[in-house]
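*Asks:* Those sequence lines, one after another, are chains A and B. Per our numbering, residue 1 is the first one in the first sequence, and the count goes up by one each step. Per our numbering, residue 1 is the first one in the second sequence, and the count goes up by one each step.
Fair warning: there could be bad hints in the mix.
To be verified - Simulated DEER-style distance windows between Cβ atoms: (1) Asn85(A) to Arg34(B): 31 to 37 Å; (2) Arg41(B) to Ala96(A): 31 to 37 Å; (3) Ala22(A) to Val70(B): 40 to 46 Å; (4) Ser59(B) to Lys98(A): 57 to 63 Å; (5) Ser184(A) to Arg20(B): 26 to 32 Å; (6) Asn85(A) to Ile64(B): 43 to 49 Å; (7) Trp60(B) to Ala95(A): 53 to 59 Å; (8) Arg84(B) to Arg18(A): 19 to 25 Å; (9) Glu148(A) to Lys9(B): 18 to 24 Å; (10) Glu9(A) to Ser59(B): 25 to 31 Å; (11) Glu72(A) to Glu52(B): 25 to 31 Å; (12) Pro25(B) to Lys98(A): 25 to 31 Å; (13) Ser184(A) to Arg53(B): 50 to 56 Å.
To be verified - Cut-off 30 Å, straight-line C-alpha distance, at most; resulting in silico cross-link-like pairs (DSS-like, lysine-lysine): (14) Lys9(B) to Lys185(A); (15) Lys173(A) to Lys64(A); (16) Lys45(B) to Lys64(A).
Hints were generated in silico from the structure; no laboratory data involved. All of these numbers come straight from a predicted model, not from anything done at the bench. The C-beta atom is built at its ideal place from N, Cα and C for all residues, glycine as well.
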Amino acid sequence: MAVMIPGGESELIARCRRGEAAAWDELFDRHYEATARFVFQLGHDLAREDVEEICQEVFLSVIKNLGSFQGESRFQTWLFRIAVNRACDYREHRAAAKRGGGATPVSLDAGDDDRPPIDPPAPTPGPDASLLAAERLALVRQAVDRLEAPCREIIELRYFGDLSYEEIGGTLKLNTKTVSSRLSKCLDRLEIIARTLFAEESDNPIPSNT
Amino acid sequence: MAEERDIEKQLRGYAEQRRREAGAPFELHLATRRLLQDEVRRTHKKPAEAAERASLFASWWFRIAAGACVVVLAAAVFLPALSRSKSRSLRLAQNLGLREKAITGSAQNRPSSPPSENAPALVASAPPSRDDTDKDRFAAAREIVMNQAAATPSTVVATNGITSGMAAGGSTLAFVPHSAQQNFYFRNVGAPADISVAVGRTAGDQLAKSDLKQSLNDRTKAAAGKIPLASFQIEQTGNQIRITDGDGSVYNGNLTVTNAETPNAGTSIARSDGVALAPAPAAEAERQFAQSAIQNGTPSLNNAALAQNQNFRFKAAGTNLSLNQRITISGEFIAATNPATLWGTTQNGGGGGGGANSQATATGSQQLSNGRIIGKVVLGNGQEIPLNATPVAP
Numbered sequence: 001m002a003v004m005i006p007g008g009e010s011e012l013i014a015r016c017r018r019g020e021a022a023a024w025d026e027l028f029d030r031h032y033e034a035t036a037r038f039v040f041q042l043g044h045d046l047a048r049e050d051v052e053e054i055c056q057e058v059f060l061s062v063i064k065n066l067g068s069f070q071g072e073s074r075f076q077t078w079l080f081r082i083a084v085n086r087a088c089d090y091r092e093h094r095a096a097a098k099r100g101g102g103a104t105p106v107s108l109d110a111g112d113d114d115r116p117p118i119d120p121p122a123p124t125p126g127p128d129a130s131l132l133a134a135e136r137l138a139l140v141r142q143a144v145d146r147l148e149a150p151c152r153e154i155i156e157l158r159y160f161g162d163l164s165y166e167e168i169g170g171t172l173k174l175n176t177k178t179v180s181s182r183l184s185k186c187l188d189r190l191e192i193i194a195r196t197l198f199a200e201e202s203d204n205p206i207p208s209n210t
Numbered sequence: 001m002a003e004e005r006d007i008e009k010q011l012r013g014y015a016e017q018r019r020r021e022a023g024a025p026f027e028l029h030l031a032t033r034r035l036l037q038d039e040v041r042r043t044h045k046k047p048a049e050a051a052e053r054a055s056l057f058a059s060w061w062f063r064i065a066a067g068a069c070v071v072v073l074a075a076a077v078f079l080p081a082l083s084r085s086k087s088r089s090l091r092l093a094q095n096l097g098l099r100e101k102a103i104t105g106s107a108q109n110r111p112s113s114p115p116s117e118n119a120p121a122l123v124a125s126a127p128p129s130r131d132d133t134d135k136d137r138f139a140a141a142r143e144i145v146m147n148q149a150a151a152t153p154s155t156v157v158a159t160n161g162i163t164s165g166m167a168a169g170g171s172t173l174a175f176v177p178h179s180a181q182q183n184f185y186f187r188n189v190g191a192p193a194d195i196s197v198a199v200g201r202t203a204g205d206q207l208a209k210s211d212l213k214q215s216l217n218d219r220t221k222a223a224a225g226k227i228p229l230a231s232f233q234i235e236q237t238g239n240q241i242r243i244t245d246g247d248g249s250v251y252n253g254n255l256t257v258t259n260a261e262t263p264n265a266g267t268s269i270a271r272s273d274g275v276a277l278a279p280a281p282a283a284e285a286e287r288q289f290a291q292s293a294i295q296n297g298t299p300s301l302n303n304a305a306l307a308q309n310q311n312f313r314f315k316a317a318g319t320n321l322s323l324n325q326r327i328t329i330s331g332e333f334i335a336a337t338n339p340a341t342l343w344g345t346t347q348n349g350g351g352g353g354g355g356a357n358s359q360a361t362a363t364g365s366q367q368l369s370n371g372r373i374i375g376k377v378v379l380g381n382g383q384e385i386p387l388n389a390t391p392v393a394p
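With the rest of the complex left out, here is chain A (with noise of 0.2 Å):
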């Protein structure tokens, strides 16, 4: 499936190839900040830090596996899918370190001095409302993460990285209408296990930590 490069991303992408170390800073700008917003979504409790490391690894990845790209899609769709795969590599890794016994990542904004943390201020309409439309969110995204990989990884490649069908279609190989077939169908499956979480939430009304 042939899909419409952004004039001189083939061509950056070419000097990238040739090892040109000025491509690869000009690449690092252009796809640096979009891929680390993408990965903040990825985890609603991801802090800036671990995005940071997995943007890392995405990039080092990218490094080693431009050869790879063929051009059937666009570079950040490219990009997504990898970050999509490392952010899920991450998380496992950290859960694995928690169960067992890894110290919990502190962030580097919570300082050592005796100042207090950053704290803007929310736009949000009140605290109460506030607090339970985040733990609702969080419900959403705890459900993305009991889907299965195929699943979770089509919806956030359309819903936090806002791919069209055509752009996740090329970077997954996948026709548009099957993109869309299966989209509807996680999303189906994602229904089920929020309802699920939201009766769960309900009926214990005290949020949990995880």
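Following the hints, complete the assembly by docking chain B onto the known chain A.
*Replies:* Here is chain B on its own, set in the frame of chain A:
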């Protein structure tokens, strides 16, 4: 466009919330950038260098290909020549080695080998210059001839009558008239040491033109420069012959077939000079020749033409460049008779001379490779030089 489902709205709401929570834009940290650039250098340096080499090769490929073509062509041209030169040098070295070995061996074996019964007669018929050194040289020549006969079966080679029986390789070639050209190399062992004729050129200059210089020693060369037909080459084409003297002189003539029972030229020459060759030196030499062949146990091929009791006479004339005189050559090619037949004839005849020779020639087939040329050379001033030539290696 279909209306969004509730779960989709919740997903978008979650995404929006997380984007808000992300806060300030993400920036690539300098340390991370450095780490990534290091990885870029590690991963893409080799392909870049390979691509550079490939582009370098692409820009030079035509020159490289042209150079390779030149090398291949040069090899194709020069390698065969070098191979020929090398094989020639090797053969010459082998021959020289065999020659030295033969000379040494001959010198060692000489005191222990008893003289044969016929040796005195043969020595008596030999010219004064044929001393022991000559025998050694002839023995070496035989080795050379045997070696070359094995290597090149089509070459006619022979040696002198003293150490005959060389046709070990079976490399005999019929001396019969046909259209193909054949070359024969001879040395006049019956020539005098010198003649009283002024010579205008040095022997060395003349010999430089001849192929015989490789097989004759310096003394022979010196003599060949002064004496006509001291060593020469015969080219036969049909019944036409062309004699090339050692000094480069060329004599043309023709060849005639004679019956073997007719008295040979050697006998007539013996009558004319009556000293060195009489009585019947050709027969005596042939007997020695054949006896030696039997002793060596070397088989030889027979000449079909001569098996029909035919000998070949020739006559040629031309100007000798050394003497600056016109000379006339007449002679007969005396092929060696069948050794077994001749041996039996000799035993029965008990020194029958010309009769034994005639009978042997008549009854036995003859061996050209061991044959000789008997005749005479008449100079322009009437002086006659006996011709008693034996084949030598080219």
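*Asks:* Are the hints correct? Go through all of them and say.
*Replies:* Hint check:
no.	hint	verdict
1	Asn85(A) to Arg34(B): 31 to 37 Å	violated, 25 Å
2	Arg41(B) to Ala96(A): 31 to 37 Å	holds, 33 Å
3	Ala22(A) to Val70(B): 40 to 46 Å	holds, 44 Å
4	Ser59(B) to Lys98(A): 57 to 63 Å	holds, 59 Å
5	Ser184(A) to Arg20(B): 26 to 32 Å	holds, 28 Å
6	Asn85(A) to Ile64(B): 43 to 49 Å	holds, 46 Å
7	Trp60(B) to Ala95(A): 53 to 59 Å	holds, 58 Å
8	Arg84(B) to Arg18(A): 19 to 25 Å	violated, 55 Å
9	Glu148(A) to Lys9(B): 18 to 24 Å	holds, 23 Å
10	Glu9(A) to Ser59(B): 25 to 31 Å	holds, 30 Å
11	Glu72(A) to Glu52(B): 25 to 31 Å	holds, 29 Å
12	Pro25(B) to Lys98(A): 25 to 31 Å	holds, 30 Å
13	Ser184(A) to Arg53(B): 50 to 56 Å	holds, 53 Å
14	Lys9(B) to Lys185(A)	holds, 16 Å
15	Lys173(A) to Lys64(A)	holds, 21 Å
16	Lys45(B) to Lys64(A)	holds, 12 Å
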